[in-house]
Amino acid sequence: MIHAKGLARTFKTRSGTVEAVRGVDFDVEPGELVGFLGPNGAGKTTTLRMLTTLLQPTSGSATVAGHDLASDPISVRRSIGYVGQGGSSTPELIVGEELALQGRFYGLSNAEAQQRGGELAAALDLAGLDKRKFGTLSGGQKRRLDIAMGLIHSPQLVFLDEPTTGLDPQSRANLWNHIRSLNADHGMTVFLTTHYLEEADALCDRLLVIDKGQIVAEGSPDELKRQVSGDSVELSVHGGAEGAERAVSVAKRLDGAHEFTVDGESVRFRVPRGDEALPTLLRNLDAEGISLASVGVHRPTLDDVFLAMTGRSLRDAEEGA
Amino acid sequence: MRVFHDTWLIYVRSMRQSLRNPVWVFIGLLQPVLYLFLFGPLTKLFVQSDPAYAGKPWQTMFVPGILLQLGLFVFMGVGFGLIAEYRAGVIERMRVSPVSRAALLLGRVGRDVTLLTVQAAILVLFGYLGGMDAPVGGMLLGMLVLVVLCTGMAAIGYAMGLTLKSEDALAPLANTLLVPVLLLSGIMLPMNAGPGWLQTIAKFNPFSWIVTAERRLFLGDFSSSSTITGILWALVIAALGVYLGTRTFQRENA
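Listed in order, the protein sequences are those of chains A and B. Take the first sequence: its letters are residues 4 to 324, numbered as in the numbering used here. Take the second sequence: its letters are residues 4 to 257, numbered as in the numbering used here.
Since the hints were derived computationally from the structure, they do not count as laboratory data. Here a beta-carbon is modelled for each residue, glycine too, at the ideal position from N, C-alpha and C. Heads up, a few of these hints could be off.
One side only, chain A facing chain B, incomplete, derived with CB under 7 Å [unchecked claim]:
id	residue
1	T55
2	R80
3	T93
4	E95
5	L104
6	F108
Some chain A residues flagged as far from chain B (calculated, every beta-carbon gap over 10 Å) [claimed, not checked]:
id	residue
7	H6
8	D30
9	S64
10	G89
11	P94
12	Q118
13	L140
14	D149
15	T168
16	N177
17	E201
18	E221
19	L295
All chains should be modelled from the sequences, with the hints used to inform the complete structure.
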């Protein structure tokens, strides 16, 4: 559905040339729900704007929905849906009219556009709002209308740029369900950008992690997390620093245990499968007479992935951006 | 043809947008009439001293000037409207669709021409009611010149709005351009009432030629060289505006 090769874009600013995207290669297969994860300023939106014909690549090439981006942008436009960050309408216009007109931009007849608009409104919980002014909708309704506009011509591929930014948690969860259903029930290929870890984790089949204009990791959320070397185990022991030292020596006997850190009475380390290592660990600690106050196993998060790939956490990267 | 189909769609949307702001429609219609009643009578003395208007009421000179002022000022409002649409994501949504780029401009310009024509018609009506002595043919041709000018000024306004993308940048720039052009055009009072040096400078202002042509047309003069020159200038501005405007909508990052 998408084949990008060496796609790059530089911007000239007063302070010099900015390499927003430094040559990305990736493929998206039909029916996938792929997320582009990275901090603000990583190059997500720039890449998306290139793939949707809004921005010309400085170098590289891409095929989008079977059409070459450079030689046939009009066919690309016809085949894709795009929901930008900025919204889609102005406050004084009527929801139903805007939706139908959007269909006519894609060559639907008035009747077809009305019908398709009605179907989408029903599917996206917008039924009954068609006589309302855009400005009177709630944030979640506006966002769903933006998406309905992007889908009016039944594209096989839809791009969503930061779809849930600015929404409250409930609207966000609701929108995730809608996006999942587009993909699962309607077979639509979805390519979205996000800087929310939990969104990438909960929603996407596959992630492309981007930082400073380059793809630094690729895979399903689980695969990515497995690349980070294992689960983290956190022990809190009785017996002061000495107890902690003894616990470390016991834990070191576990296969693949590494990255030990000790802070007072608490010990932290990584091990490939925390859930499987725990029974052995507890038995051994018990045999050595070390008493535990608490124990916890944490699966790696995508933030750990980002940290492992780039040397900083996504949150720090956000603040630096 | 795609471009006509798309222009019509954008036109319909823009018209809806304007008509849904009835207060602005009302103010827009009222303003030229205010000029006519509150400022127009002051021009009486100048008109009487001009032999071309011998025996004609002041409206005959004043109405064509105010008409062109409307055409000139279109330029200011449209840029602001477009920046608001840009912020709302509307322009980007349309640019991702296969809609013709020229239509994105021309549909909006069509709306501006429509609203201006209604404003102008009301003004002309009040002019005639007040005794304006202008042949209907000349008046109609004058309206056509106004439409041509409005097309150019609106297109330039959109090009500027979409290039600057900020009201704070557009307002001072538009004012800086508009005020000297307005003062040196003889829209309010004919330039020939002024000293020679002022008239000389005004000769370099295309709008002063267009104003002259508009006034000549309202006097029933279709063929003098100053009428033709003004009409040509209006066409040049329209062509330039449409070229610049279409290019701006085509350009990336717009």
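Hint-by-hint comparison with the structure:
1. With its C-beta approaching chain B no nearer than about 5 Å, T55/A sits inside the 7 Å limit, and its interface hint holds.
2. Interface restraint check: R80/A against chain B, minimum CB-CB distance 5 Å, threshold 7 Å, status holds.
3. Contact between T93/A and chain B, as hinted, is supported at the beta carbon level, the nearest pair being about 5 Å apart and thus within 7 Å.
4. The closest approach between the C-beta of E95/A and any C-beta of chain B is roughly 4 Å, which is under the 7 Å cut-off, so the hint is satisfied.
5. Proximity of L104/A to chain B holds as hinted, the smallest CB-CB distance being about 6 Å (cut-off 7 Å).
6. Interface hint status for F108/A: upheld, as the beta-carbon distance to the closest one in chain B is roughly 4 Å, under 7 Å.
7. Against the 10 Å criterion, H6/A stays outside the reach of chain B, whose nearest CB is about 20 Å from its own CB.
8. Taking the minimum C-beta to C-beta distance to chain B, about 22 Å, the non-interface status of D30/A holds against the 10 Å cut.
9. Non-interface status of S64/A relative to chain B is upheld: no Cβ of that chain comes within 10 Å, the nearest being about 17 Å off.
10. A cut-off of 10 Å between C-beta atoms contradicts the statement that G89/A is not in contact with chain B; the least separation is 3 Å.
11. With a least CB separation of 8 Å from chain B, P94/A falls inside the 10 Å interface cut-off, contrary to its annotation.
12. Residue placement check: Q118/A keeps its beta carbon more than 10 Å from all beta carbons of chain B (closest about 18 Å).
13. Look at L140/A: its CB is around 13 Å from the nearest CB on chain B, clear of 10 Å, so calling it non-interface holds up.
14. Interface exclusion of D149/A from chain B breaks down, the closest Cβ pair being 8 Å apart, not more than 10 Å.
15. Listed as a non-interface residue, T168/A keeps its Cβ farther than 10 Å from every Cβ of chain B; the least gap is roughly 13 Å.
16. Consistency note on N177/A: stated as away from chain B, and its beta-carbon is indeed over 10 Å from all of that chain's, at 21 Å minimum.
17. Interface exclusion of E201/A from chain B stands, the closest Cβ pair being 25 Å apart, more than 10 Å.
18. Once the 10 Å rule is applied to beta carbons, E221/A is consistent with being away from chain B; the minimum gap is 26 Å.
19. Every CB of chain B lies more than 10 Å from the CB of L295/A, the least distance being 55 Å, so the non-interface label holds.
The structure does not agree with the numbered hints 10, 11 and 14 stated previously, though it agrees with the rest.
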